[in-house]
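Read top to bottom, the protein sequences are chains A and B. Just so we're aligned: 41 in this note's numbering is position 41 of the first sequence, and the numbers increase by one with no gaps anywhere. Just so we're aligned: 169 in this note's numbering is position 169 of the second sequence, and the numbers increase by one with no gaps anywhere.
For the record, the hints were derived by calculation from the structure and aren't laboratory data. There could be a bad hint or two in this list.
Simulated crosslink set (DSS-like; lysine-lysine; CA at most 27 Å straight-line) [said to hold, decoys possible]:
(1) A:K112 x B:K112
(2) A:K65 x A:K84
(3) A:K84 x B:K245
(4) B:K145 x A:K245
(5) B:K145 x A:K267
(6) A:K112 x A:K64
(7) B:K112 x B:K245
(8) A:K145 x B:K257
(9) A:K399 x A:K138
According to the in silico footprint, chain A covers these stretches of chain B (three or more CB under 8 Å from chain A) [stated by the list, open to error]:
(10) 42-50
(11) 107-119
(12) 138-147
(13) 243-253
Glycine included, each C-beta is placed from N, C-alpha and C at the ideal position.
If you want the building blocks of each chain, they are given just below.
There are 2 protein chains.
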Amino acid sequence: MMKKNLLAAFIAAVLLSFSAEAQQALWGAQQIISPQVNADNTVTFRIDAVNADTVQVVGDFTPKKKMKTPFGEFEVAGPANLEKGADGIWSYTSEALPSDLYTYNIIVDGFKSTDPNNVYMIRDVSSVFSIFIVPGDKGNLYSVKDVPHGTVARRWYDSPGNEMTRRMTIYTPPGYENSKESYPVLYLLHGMGGDEEAWINYGRTSQIMDNLIAQGKATPMIVVMTNGNVAQSAAPGESSLGFEKPNMMLPHTMDGKFEETFPEVIKFIESNYRVKTDKADRAIAGLSMGGFHSLHISRYYPNTFDYVGLFSAAILPNEGVKSALYEDFDGTLKAQMDNGYKLYWIGMGKSDFLYKSGVDFRAKLDSMGMKYTYMETEGGHTWTNWRVYLSEFAPQLFK
Amino acid sequence: MMKKNLLAAFIAAVLLSFSAEAQQALWGAQQIISPQVNADNTVTFRIDAVNADTVQVVGDFTPKKKMKTPFGEFEVAGPANLEKGADGIWSYTSEALPSDLYTYNIIVDGFKSTDPNNVYMIRDVSSVFSIFIVPGDKGNLYSVKDVPHGTVARRWYDSPGNEMTRRMTIYTPPGYENSKESYPVLYLLHGMGGDEEAWINYGRTSQIMDNLIAQGKATPMIVVMTNGNVAQSAAPGESSLGFEKPNMMLPHTMDGKFEETFPEVIKFIESNYRVKTDKADRAIAGLSMGGFHSLHISRYYPNTFDYVGLFSAAILPNEGVKSALYEDFDGTLKAQMDNGYKLYWIGMGKSDFLYKSGVDFRAKLDSMGMKYTYMETEGGHTWTNWRVYLSEFAPQLFK
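Kindly produce the complete structure, drawing on both the sequences and the hints.
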């Protein structure tokens, strides 16, 4: 008996324990595919919500709307309505979308959640989004391809300066383990509300690096993704604080402490991995707050990095912040310039809320005669841009 | 201007880009906490769905109901109704729950999804669940504690026998990297529909191992979590198949191929990690299909493992499966017995659909005089049981 029906009984039991949807698949009810990326790069969303009055999708591809806030008017994603079909399934098909990774949520009668037919999700601060990739140039770069893959490790390091052990995510390139070679290192820093999971998940770092290396566009390198919030030992859910609600308002953010204790990170990597330890073999880059960190770390330790990347970077510390880190901004920047470097790379979106501070900073660099490479993109303070910046920056390193 | 309001502008921009919920937190609307584990171990769920007619929670703690299927009657989780409060927020408080990790979904007007106020989730096959932990004996063992942490790596290995490179998850214990010691290895296998992410996510392996090692209950060991579906190179979303819908009906499942090619896994680990390579330093265990794999691998290579763990294991192959692997079941089992071993451990839930086949298998072992340790628990074919089995099994290894 068991023998004959083992597979069926297995499936039945597992599905029944866990998944009403999967039951449908097993017993003939309709299996819903959502999202479905169509051949023409339109995307169809389908939701089974027979009792709902309205079903909407909202994402970085749905029509924008304006929202007024105490900090000014912002453009945010607005919802698009799904329509109920004769079969009771709601659906919506987007316009043809440019190749990229997209995020969205589903709203049923005002209840906003993830798409139950899509198991692929990304967390950003306290929100979780369903995701999909539209193939093409960017989408392919952000996808797992049949190429050699690096190793991704979550590892803890001692941070005496922060009086804790802290978690980091480390990408080692394909072949690292079976080589005797030493590798250069890119330190890649996240933004406010992010953590050591941000770049590897939302940023698709391992896919981008695997693909760039396989294409011969990037030098094989180690990528170190730290947690830039010194109040945290690890990402939400990964520390002894348990499954707490993620919070952007952390203490000791952008007060100099991360920069002060950053040498602990370098020391850990250089004593635990087979890496080259010259300035020519170290790069640092980050997005938003991580760009701020990269700027200040690279000038405070002005002979440490030959490559610096500022992605949608904040420039100045908040008013009232007192830290030796920020006291001699101009002097250390000048020292960094005088010591020399190979690349100072700045990326910024045209509608970024930090655009103006970027203009001011570049004027400062121009007035000093400090050379940089500048890339301006459409859009604002988004992962869409940050993945592009990483994809542009990484191939220029360690050449 | 930027300087003064940088932090606020940062937060505003990031929140506006991504999160309606978080906006509420910033501008004074109610911030919803869900789930809230109360001091008496009841758990309160809260949902903002002002336009909904019904809101329900369904999980492994809500009242059970019976469901008839072509394979017999099964007991499944039934929904519990949330009630709408004067503030428009729906809520439900469970009974006091025993310490454990729990999974649930939210159903709004028949639309079943995850809890938008809870960023912590686990995927199982094609379903995603919100999760929480009730503290206490089990909950604490499954939580990240302030103890030394091992490293968790996702790494690819060559599998010539399957003509692909394949992904595995490897836990190395605290101190591995800075020791010269060699470590024993536990190969830990998932069930049908699972993959190399199953044990590390749903199984809480790294938390359990970190805690058991810190308490002095388990010997520091490497835990290797492979993908037991030879048709897959990696978990859904982690291979070149992209973000496909996960599927339980994979080809070449339980047809001998995984067992045949398992020596590739051992070889990879033993040539890439600082491990002890004696039989006394190898353990293999798995749940359900992974228990089946552990049974057959350990008898087919009958002098390889001193420790075997069968968690809710399937025993016999499906009818019609032709593989040398299963041809001399009794002979190889006898050889395994004659060669000797230190622990043959069997765990089974009283209401498991595989219970009867477990009874038959133990009768076979009894008739052969093959010794084993047996643990019978309440409940059935569940991760609740598999985490318990790992927590019981691991401390008995390599002593």
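Right, here's what the structure says about each hint:
Between K112 (chain A) and K112 (chain B) the alpha-carbon distance is near 11 Å, which keeps this suggested pair within the 27 Å criterion. Distance hint between K65 (chain A) and K84 (chain A) is fulfilled; the C-alpha atoms sit about 24 Å from each other, no more than 27 Å. Under the criterion of a C-alpha separation no larger than 27 Å, the hint pairing K84 (chain A) with K245 (chain B) is consistent with the structure, at around 23 Å. Between K145 (chain B) and K245 (chain A) the alpha-carbon distance is near 17 Å, which keeps this suggested pair within the 27 Å criterion.
Distance hint between K145 (chain B) and K267 (chain A) is fulfilled; the C-alpha atoms sit about 25 Å from each other, no more than 27 Å. About 17 Å separates the Cα atoms of K112 (chain A) and K64 (chain A), which keeps this hinted pair within 27 Å; it holds. Restraint check: the Cα-Cα separation between K112 (chain B) and K245 (chain B) comes to about 17 Å, which is no more than 27 Å; the hinted pair holds. Between the alpha carbons of K145 (chain A) and K257 (chain B) the distance comes to roughly 24 Å, so the proposed pair stays at or under 27 Å and holds.
For the hint linking K399 (chain A) to K138 (chain A), the alpha-carbon distance of about 23 Å falls within 27 Å, and the restraint holds. Note: the region 42-50 of chain B has 4 residues with beta-carbon separation from chain A under 8 Å; the three-residue rule is met and the coverage holds. Only residues whose beta carbon comes within less than 8 Å of a beta carbon in chain A count, and the region 107-119 of chain B has 12; three or more means the coverage holds. Evaluation of the coverage hint for the region 138-147 of chain B: fulfilled, as 4 residues show C-beta separations to chain A shorter than 8 Å, against a requirement of three.
Residues of the region 243-253 of chain B with a Cβ under 8 Å from some Cβ of chain A number 6, which satisfies the need for three, so the listed coverage holds.
The structure agrees with every numbered hint stated previously.
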